[in-house]
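Trainee: Sequence:
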Amino acid sequence: MKTPQPRIFATISSVPVFLFSSWNFVRFLAALQNWQTLQHLGADPLYLAASGLGWSLTLFILFGAQSKGWKPAPVAGILLSLVYFAFYWFERLSLQDSPAKNLPFSVITSISVFLLVTALFLMAAKEENK
Numbered sequence: 000m001k002t003p004q005p006r007i008f009a010t011i012s013s014v015p016v017f018l019f020s021s022w023n024f025v026r027f028l029a030a031l032q033n034w035q036t037l038q039h040l041g042a043d044p045l046y047l048a049a050s051g052l053g054w055s056l057t058l059f060i061l062f063g064a065q066s067k068g069w070k071p072a073p074v075a076g077i078l079l080s081l082v083y084f085a086f087y088w089f090e091r092l093s094l095q096d097s098p099a100k101n102l103p104f105s106v107i108t109s110i111s112v113f114l115l116v117t118a119l120f121l122m123a124a125k126e127e128n129k
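Residue numbers (numbering that gives the first Met the number 0): 0 to 129.
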């Protein structure tokens, strides 16, 4: 009987997936809780709630797929990371009234997180193919 190998990178790559899923669920709950305040400030609470819930559910499904050892999960993780990265910058550039003063920090941080998460998914994919 063959002993299953531990999937270290699959486990490590699931941590940011869980954190981003949780963060977006908090976004969903915050939009629901502050609905009237958001409307008063001119923000669209429906958009914030729907996007928060959508990303939370999508990433939670990816988290479950990783946990179950679904072979395409690392590739799905890389694709979702790319879409999330693009979504983040779309929101940041189109929904903010003016660019924040911390733009260089945001660019460096978001690219670094994207590259780190992508590297973890690539290593997890390599692990799955052994």
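Possibly wrong hints are sitting among the right ones.
What the hints assert, rightly or not - Simulated restraints on C-beta separations:
id	residue 1	residue 2	range
1	Gly-68	Asn-33	14 to 20 Å
2	Tyr-46	Gln-4	20 to 26 Å
3	Ala-118	Ser-21	17 to 23 Å
Said to hold, decoys possible - Straight line, CA to CA, 27 Å or less: simulated DSSO-like cross-link-like pairs of lysine-lysine:
id	residue 1	residue 2
4	Lys-67	Lys-125
5	Lys-70	Lys-125
6	Lys-129	Lys-70
7	Lys-67	Lys-129
Worth flagging that the hints you see were computed from the coordinates, not collected in a lab. Every residue, glycine too, gets a C-beta built ideally from N, C-alpha and C.
Trainee: Among the hints numbered above, which are violated by the structure, and what are their numbers in rising order?
Mentor: Hint check: 1 and 2 fail, others pass.
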